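Since the structure of chain A is provided, determine the placement of chain B on it from the hints.
Here the protein sequences line up with chains A and B, keeping their order. First residue of the first sequence? That's 1 in our numbering, and the numbers climb one at a time after it. First residue of the second sequence? That's 1 in our numbering, and the numbers climb one at a time after it.
Heads up, some of the hints might be wrong.
Each pair may be met inside one copy or between any two copies, as identical chains are not told apart.
As a list, the in silico DSS-like pairs of lysine-lysine whose alpha-carbon atoms are at most 30 Å apart [stated by the list, open to error]:
id, residue 1, residue 2
1, Lys124, Lys195
2, Lys43, Lys28
3, Lys187, Lys24
4, Lys29, Lys195
5, Lys187, Lys43
6, Lys28, Lys53
7, Lys195, Lys53
8, Lys53, Lys124
9, Lys43, Lys29
10, Lys53, Lys24
11, Lys24, Lys69
12, Lys24, Lys43
13, Lys28, Lys69
14, Lys53, Lys29
15, Lys187, Lys124
16, Lys78, Lys28
Since the hints were made in silico from the structure, they are not lab data. Bear in mind the structure is a predicted one, so any value in this text is a computation, not a measurement.
2 protein chains.
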Amino acid sequence: MKDASRQKTTRDAILDATDRLLTKYGYKKMTIDDLAQEVGIGKGSVYLHFTSKEEIALSHIDRIIERLKENLRAIAAKPTSVEERLSEMLIERVLYRFDSVQHYSRSIDEMLAYVRPQLLVRRKRYFAEEARIFSVVIAEGQNASDLVAGDPEDIALTLLSATNSLLPYSLIAVDLDDRGEILERTKKTAEILIKGLSA
Amino acid sequence: MKDASRQKTTRDAILDATDRLLTKYGYKKMTIDDLAQEVGIGKGSVYLHFTSKEEIALSHIDRIIERLKENLRAIAAKPTSVEERLSEMLIERVLYRFDSVQHYSRSIDEMLAYVRPQLLVRRKRYFAEEARIFSVVIAEGQNASDLVAGDPEDIALTLLSATNSLLPYSLIAVDLDDRGEILERTKKTAEILIKGLSA
Chain A
1 MKDASRQKTT
11 RDAILDATDR
21 LLTKYGYKKM
31 TIDDLAQEVG
41 IGKGSVYLHF
51 TSKEEIALSH
61 IDRIIERLKE
71 NLRAIAAKPT
81 SVEERLSEML
91 IERVLYRFDS
101 VQHYSRSIDE
111 MLAYVRPQLL
121 VRRKRYFAEE
131 ARIFSVVIAE
141 GQNASDLVAG
151 DPEDIALTLL
161 SATNSLLPYS
171 LIAVDLDDRG
181 EILERTKKTA
191 EILIKGLSA
Chain B
1 MKDASRQKTT
11 RDAILDATDR
21 LLTKYGYKKM
31 TIDDLAQEVG
41 IGKGSVYLHF
51 TSKEEIALSH
61 IDRIIERLKE
71 NLRAIAAKPT
81 SVEERLSEML
91 IERVLYRFDS
101 VQHYSRSIDE
111 MLAYVRPQLL
121 VRRKRYFAEE
131 ARIFSVVIAE
141 GQNASDLVAG
151 DPEDIALTLL
161 SATNSLLPYS
171 LIAVDLDDRG
181 EILERTKKTA
191 EILIKGLSA
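If we strip away everything but chain A, and leave its shape as in the complex, we get (with noise of 0.2 Å):
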């Protein structure tokens, strides 16, 4: 028990220690080297987690992800309407990337150089994991007829495709300094989905 928990506070370090040095220097830049002396371990011991930087900043959005589907079933259980949750649930999903990469937005576009062919195979797991807690609550309003009939998951990824877009990885890094807007333009994204989904 005490490993596991130390080894994973070793890895949480490093992928905190990304997220700075991400900021600070941008991906093509930041060596392995930066990042074990930022942690304040040998390098070695971040090969024993990684075992390449293109690995450690994927895993650096994995975890990003891994947190919005936690808000995300946290909203999917609040005891607020169907449409609510499921409009909560696109601004979250939308907004919480927003804020996790806001900070080194002038080095996403650098960090895709590298790692996008990669980014986009993993983009298909991402969305099919949202797509299954958006699901339970489609299905929940369907069964209250509140909302149209059809398969919940597909509808699911109709929600995702069609906020996709405002996802960091499709906006210029200009787009990421305006937050506000992002936001506005979900909301209304998510208005006029949840009304077309209403029975």
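Chain B only, in chain A's frame:
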């Protein structure tokens, strides 16, 4: 007149050759020499029209968008209902782009690695131009009290945003093999959006 027409023809011939060579070689391997040879003109003649390979690739995309806008205007002028036209326009904006690049889908990622920042800036302009065409139909629907109130151009931008993640730029090459899946997702998205917009 004769000169202007000949100039347009050469420019178009270069862009047609670009389309063929992107399929044959991909962006990186394609040279200005290859293009000149493919058109049957001198390298210097290519430079009379374009300053760089990047500009050629971006002009090639500009031309796709110009043709798409013509198609959108034609649909907007049809005698069908506002809802049918909006749905058809949303499907056209996704599928026309798909069909325009599908034959060189394997080299899109490679081309993006070189022109992504410039393309992101251009996309803002493309979307603004498309939104103007959509907004005319939306305003028509609002005047007939068929659609909800709101700034037509802003509603148009929300419709575009909700289908932008289905555009080739956002797809991984392997997704570009499945036209049927993209068409289905676009139809489902359009259906929910247009129902959500109805008054």
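query = Does the structure break any of the earlier hints, and which numbers would those be?
reply = 3, 4, 5, 7 and 16
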